[in-house]
Structures are given as C-alpha cells and as structure tokens.
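A.B. asks: Using the hints provided, position chain F relative to the given structure of chain Y.
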Amino acid sequence: MKPPSPLWDAPIRLFHWALVLLVIASFVTAKVGGEWMAWHLRSGYAILTLLLFRVVWGFVGSTTARFSSFLKAPKAALEYARGLMARQHVPSVGHNPLGGWMVLVMILILLVQVSTGLFADDEVSTQGPLSIFASAKLVSRVNQVHEVNQWIIVGAVVMHLVAISFYQWGLRSNLLRPMFDGGALPPGSAARRGSTILAAVIFVVASSAVYWLVVILPRSA
Amino acid sequence: MRKAAIACSLALASLSAVAQQPLKPEKQIELRQSAYALIGYNFGNIAAMAQDKQPYNKDEATRNADFVAMLSDVPKGFFGEGTDKGRDTKAKPEIWQKRADFDAKMDKMIQEAKKLPAAARADLTALKKAVADTGSACKACHDDYRAK
Chain Y
1 MKPPSPLWDA
11 PIRLFHWALV
21 LLVIASFVTA
31 KVGGEWMAWH
41 LRSGYAILTL
51 LLFRVVWGFV
61 GSTTARFSSF
71 LKAPKAALEY
81 ARGLMARQHV
91 PSVGHNPLGG
101 WMVLVMILIL
111 LVQVSTGLFA
121 DDEVSTQGPL
131 SIFASAKLVS
141 RVNQVHEVNQ
151 WIIVGAVVMH
161 LVAISFYQWG
171 LRSNLLRPMF
181 DGGALPPGSA
191 ARRGSTILAA
201 VIFVVASSAV
211 YWLVVILPRS
221 A
Chain F
1 MRKAAIACSL
11 ALASLSAVAQ
21 QPLKPEKQIE
31 LRQSAYALIG
41 YNFGNIAAMA
51 QDKQPYNKDE
61 ATRNADFVAM
71 LSDVPKGFFG
81 EGTDKGRDTK
91 AKPEIWQKRA
101 DFDAKMDKMI
111 QEAKKLPAAA
121 RADLTALKKA
131 VADTGSACKA
141 CHDDYRAK
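These protein sequence lines are chains Y and F, in that order. Per my numbering, the very first residue in the first sequence carries number 1; after that it's consecutive. Per my numbering, the very first residue in the second sequence carries number 1; after that it's consecutive.
Note that these hints are calculated values from the structure, not bench results.
Only pairs whose alpha carbons sit at most 30 Å apart, straight line, appear in this in silico DSBU-like list of lysine-lysine:
#, chain 1, residue 1, chain 2, residue 2
1, F, LYS148, Y, LYS31
2, Y, LYS137, F, LYS27
3, F, LYS90, Y, LYS31
4, F, LYS53, Y, LYS31
5, Y, LYS31, F, LYS108
6, Y, LYS31, F, LYS92
7, Y, LYS31, F, LYS129
8, F, LYS24, F, LYS108
9, F, LYS90, Y, LYS137
10, F, LYS53, F, LYS128
11, F, LYS115, F, LYS53
12, F, LYS108, F, LYS85
Rough simulated footprint, nothing fancy, chain Y against chain F, three-plus residues with beta-carbon under 8 Å:
#, stretch
13, 38-47
14, 134-147
Cβ-Cβ distance ranges computed for the label pairs, FRET-style:
#, chain 1, residue 1, chain 2, residue 2, range
15, F, LYS53, Y, ARG82, 53 to 59 Å
16, Y, VAL60, F, LEU31, 56 to 62 Å
17, F, LYS53, Y, SER195, 37 to 43 Å
18, Y, ALA76, F, SER34, 55 to 61 Å
Heads up, the beta-carbon is just placed ideally off N, CA and C, and yes, glycines get one too.
Extracted from the complex, chain Y is given alone in its bound form:
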C-alpha cells in the first residue's frame, strides 16, 4: 500500500519556506545596505533559482503543484470570491480559484524583482551582475522598477497573510499546518504525486542556469 499522498509535496513545501526566508533576507539586507548588499545579491540569485524550479514544477510536478490544476477561469475566481463574501465557503483541494491566481501573481512579481535586480546599479558600490550589458538609460529604468516593485511585493505578502488569517479565524480553515506537514489529500482523490528525483534534477538544472547567468555570462563582458 502506498502511503496517502500529501496535499503539498515536499518540494513545494521546501520551496515555500525557503522563499519566505529569502524574501525576508532580501528585504532586510537591502535596508541595512553597505556590506550586506553582497548577501542581497546572493539572496536574489537563490530566489531566481527557486522561481525557475517552481515554474517547471508547475508543469511536471504533483497535481496540486501544477498550474493546469489551479489556474481557473477569472469567472471561477470571481464566483469563489462572492461565495467567500457570503460566507459560503466551498473548500478546495489545493489552491482555491482565487489563491491560484495569487500564486501566479507572486511568481510574476518576484520574477520582475529578481530580473530587474540583475540589471540594477545603485551607482555607488552595488551592481547587478548583468548591469554591464545594459545602457545607462535602461539601468535607470530598471532601478525604478526594482525600487517600486519591492513595495508591490510587500503588499502581496500582506494580502497573503491577511487571507491566511481570514481562513483561520473567519472560516475555521487551517492553511498553515499543511504547508508544514504536507497535509493529506481527501480519500479517493485523483491527484498524483510528482517524482522527488525529478524535482532534484530540476533544481540542479535551475541552479546551474542561474550560476551561468550571474557568474559565467558577466565574464564575457
């Protein structure tokens, strides 16, 4: 007998909590500045690696990790939101129709942040590894986006926390625990579990790609 499949597979949980720590680290190191900026850059590279992993895992991972399983039509998300307002909560397996969109938004705004970071230059002593390839005009644009987008991320994180609190105390639904212990799929669920070996391979490939992008490629300049 196979053990019951978890709601969230181990790669997703590792991804999630590593991302939490790294986003906090990135924010704090940027605010402290100075010599900590070296860690800000490293943290950004690690986030980029995680995001690349997550995007690929969204196509080949466990069912609940796949974009195809949780990206519903905007209409479905609206209807779900209306249901929430009316306190008629229909629990979902995996991301609910609204949360699914939030996942996509999170991934996109974080991708914007790390990719602008690659080209950013604070014009004092910190340069993104690819800023040497960009014109002064582009760098200045990228700096603006990197600056403004950090607050969009902060806003999204706040929304995320508010939503979890609402489920916890408004709907008596604990979303936090399964993100730690994996939770369990309801019996009879058709959801399939992704291959852990495949996850490891994707992670190694993502790490190599980022290493190439931030270490090897800049040497060619």
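C.D. replies: For chain F alone, kept in the frame of chain Y given last:
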C-alpha cells in the same frame, strides 16, 4: 595717472563683482555632475577592489582614493538656490526644502571620503571599511535626494 588708477580699480571692482556673481544654474548643475562622474568612476574602482571583484592594487587604490577625497567637497558648492532645474538633473527639490539635512548628509560623505586615502595606503581591510562607510554615506543622500 589718477584717472588711470580709478579706471583700474573700477575695472577690478567690476571683475570681482563678476567673480562673486553666482554661476548660472545650468553651469552649477554641469559642474556638480562632472564632479560626481569622476567621483563615481574612481570610487567604482576601489569599491570593486573592496568587494574582491578586482585584485587589490595599492598604487591604483591610492590614486583613486586621492581623487575621491579631493573631489568629494566639490559638488557641495554647486547646489545653489534655483539649481533644481536648468539642465537635466536627478537632484530632487527636497534638497532645497530640507537644506540642513541635505548639508549634514553631504558633510558626512565628505568626512568619510577624506578617510579613503589613508585607508588605501594601509591595507585591503582598512580600504574595505572606508569604502563601506563612504558608500553608505553616498547612499544615504541618494535615497532621499536623488531621483531614481
């Protein structure tokens, strides 16, 4: 003779009057930007050494540090009233609204920059510290008073 002396002193007086007249905003902006460009170039080199991106070379570091220290008090003189426009500038109008704070941050940068030459002549550890302190002082001002 007396006439010539009067003419001479008048000419001198008018010359000094010209010299005391503040530079046009356009010119002030150009001068401070030129100073910043050279500060940025020289500081960039020692910052790269401090971050181990470039091998530490004492002679080069000393040259760069001397330039940064010397140029650091140049921009301060070219932020006169009305120089928030007249030429493409990233200087924010807040500079002239919170002048005391701006000046304090500017002085802090100058103070830190003046420590660079000694640090560059000492060793890489000293240079790293001086570069970090100067960099933070630069950034403190950029964050508040320089448009992105």
